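**Student:** We have chain A already, so just place chain B on it with the hints.
Protein sequences, first through last, are from chains A and B.
Heads up: the first sequence begins at 23 in the numbering used here, then just goes up one per residue.
Heads up: the second sequence begins at 60 in the numbering used here, then just goes up one per residue.
Simulated from the structure, these hints should not be mistaken for lab results.
Just so it is clear, the structure is predicted and the values come from calculations on it, not from any experiment.
All residues carry an ideal CB built from backbone N, CA and C; glycine is no exception.
Hints are not guaranteed to be accurate.
[As the list claims (entries may be wrong)] A few chain B positions that, by computed beta-carbon distances, are all more than 12 Å from chain A:
no.: 1; residue: Asp-70
no.: 2; residue: Ser-82
no.: 3; residue: Asp-90
no.: 4; residue: Lys-113
no.: 5; residue: Glu-117
no.: 6; residue: Ala-125
[As the list claims (entries may be wrong)] Heads up, simulated EDC-like pairs for lysine to aspartate or glutamate below, C-alpha to C-alpha not over 20 Å straight-line:
no.: 7; chain 1: B; residue 1: Lys-111; chain 2: B; residue 2: Asp-126
no.: 8; chain 1: B; residue 1: Lys-156; chain 2: A; residue 2: Glu-81
no.: 9; chain 1: B; residue 1: Lys-128; chain 2: B; residue 2: Glu-117
no.: 10; chain 1: B; residue 1: Lys-62; chain 2: A; residue 2: Glu-124
no.: 11; chain 1: B; residue 1: Lys-156; chain 2: A; residue 2: Glu-94
no.: 12; chain 1: B; residue 1: Lys-156; chain 2: A; residue 2: Asp-95
no.: 13; chain 1: B; residue 1: Lys-156; chain 2: A; residue 2: Glu-52
no.: 14; chain 1: B; residue 1: Lys-62; chain 2: A; residue 2: Asp-95
no.: 15; chain 1: B; residue 1: Lys-111; chain 2: A; residue 2: Glu-124
no.: 16; chain 1: A; residue 1: Lys-31; chain 2: A; residue 2: Asp-95
no.: 17; chain 1: B; residue 1: Lys-113; chain 2: A; residue 2: Glu-94
no.: 18; chain 1: B; residue 1: Lys-156; chain 2: A; residue 2: Glu-124
no.: 19; chain 1: B; residue 1: Lys-156; chain 2: A; residue 2: Asp-78
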Amino acid sequence: NAGVTQTPKFQVLKTGQSMTLQCAQDMNHEYMSWYRQDPGMGLRLIHYSVGAGITDQGEVPNGYNVSRSTTEDFPLRLLSAAPSQTSVYFCASRRPGGSSYEQYFGPGTRLTVT
Amino acid sequence: LAKTTQPISMDSYEGQEVNITCSHNNIATNDYITWYQQFPSQGPRFIIQGYKTKVTNEVASLFIPADRKSSTLSLPRVSLSDTAVYYCLVGDPLTDKLIFGTGTRLQVFP
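Isolated chain A (complex conformation) (with noise of 0.2 Å):
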């Protein structure tokens, strides 16, 4: 049981390149969802998904596009890189249904954008 991985640990982008990160789970979890988290700073929410098929936007989506073909998967994709997407992003996953907001995280991709 691998839990929340995520690919690349590390990338360095130009501007303007595109680039997908890859986020999957193996615990069965509807729920996903995307964060960056700035140097210092708190988490915030990218975009996030409550099952395959079905994805929402979160706090800070410009710029990012999300898909869910499959419960397990869930890769976020930067468009257009720019230097303010330099940013540790993190992915979670999430038990279905109940009343449990505990949330899985992967370990990071640190992204930095020149």
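**Tutor:** Chain B in isolation, oriented as in the chain A frame:
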């Protein structure tokens, strides 16, 4: 989503009990209170969740007064390894997305 307010930072010494209070004046009837811990360069980790009164697990206790407008995370006998940022979140797990605030940076000294 109810907004939360917590101290920016706190200092403590090893062996002491640490209490971090979170204010959430606009908490709704279906909202739960959840606390996360984050170490540097790691994703946040769930600590504890509660709805009312007191909840205790092997890591911490959560005290919630009757009006539920605030909550207190209690860490008994902290050690250096408890140095981290602690986040208080409020929301309805069935419908809400999880929104993190700025958190409380706890520094434990020897």
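**Student:** Each hint: holds or not?
**Tutor:** A quick look at each hint next to the structure:
1. Distance check on Asp-70 of chain B: its Cβ is at least 17 Å (rounded) from any Cβ of chain A, clearing the 12 Å threshold; non-interface status holds.
2. Against chain A, the non-interface label of Ser-82 of chain B holds: every CB pair exceeds 12 Å, the least being about 16 Å.
3. With a cut of 12 Å on Cβ distances, Asp-90 of chain B falls inside the contact zone with chain A, its closest approach being about 10 Å.
4. Its beta-carbon lying about 17 Å from the closest one in chain A, Lys-113 of chain B satisfies the requirement of being farther than 12 Å from that chain.
5. With a minimum CB-CB distance of about 15 Å to chain A, Glu-117 of chain B clears the 12 Å threshold, and the non-interface call stands.
6. Distance check for Ala-125 of chain B against chain A: the nearest CB is about 20 Å away, which clears 12 Å, and the non-interface claim stands.
7. Our distance criterion of 20 Å between C-alpha atoms is met by Lys-111 of chain B and Asp-126 of chain B, whose separation comes to about 9 Å.
8. With a CA separation close to 10 Å, the supplied pair Lys-156 of chain B and Glu-81 of chain A stays within the 20 Å bound.
9. Only pairs whose Cα atoms come within 20 Å are accepted, and Lys-128 of chain B paired with Glu-117 of chain B is rejected, the gap being roughly 25 Å.
10. Using a Cα cut-off of 20 Å, the hinted pair Lys-62 of chain B and Glu-124 of chain A holds, with the two alpha carbons roughly 19 Å apart.
11. Using a Cα cut-off of 20 Å, the hinted pair Lys-156 of chain B and Glu-94 of chain A holds, with the two alpha carbons roughly 19 Å apart.
12. About 18 Å separates the Cα atoms of Lys-156 of chain B and Asp-95 of chain A, which keeps this hinted pair within 20 Å; it holds.
13. For the hint linking Lys-156 of chain B to Glu-52 of chain A, the alpha-carbon distance of about 13 Å falls within 20 Å, and the restraint holds.
14. Taking the CA atoms of Lys-62 of chain B and Asp-95 of chain A, the gap is about 30 Å. The hint is violated against a cut of 20 Å.
15. The hinted pair formed by Lys-111 of chain B and Glu-124 of chain A meets the criterion: a straight-line CA distance of about 17 Å does not exceed 20 Å.
16. A distance of roughly 17 Å separates the Cα atoms of Lys-31 of chain A and Asp-95 of chain A; the hinted pair therefore holds under the 20 Å criterion.
17. As the CA atoms of Lys-113 of chain B and Glu-94 of chain A are separated by approximately 35 Å, the hinted pair breaks the 20 Å bound.
18. Restraint check for Lys-156 of chain B and Glu-124 of chain A: satisfied, since their Cα atoms lie roughly 12 Å apart, inside the 20 Å limit.
19. Our distance criterion of 20 Å between C-alpha atoms is met by Lys-156 of chain B and Asp-78 of chain A, whose separation comes to about 10 Å.
In summary, the structure is inconsistent with hints 3, 9, 14, 17 from the numbered list given earlier, while agreeing with the others.
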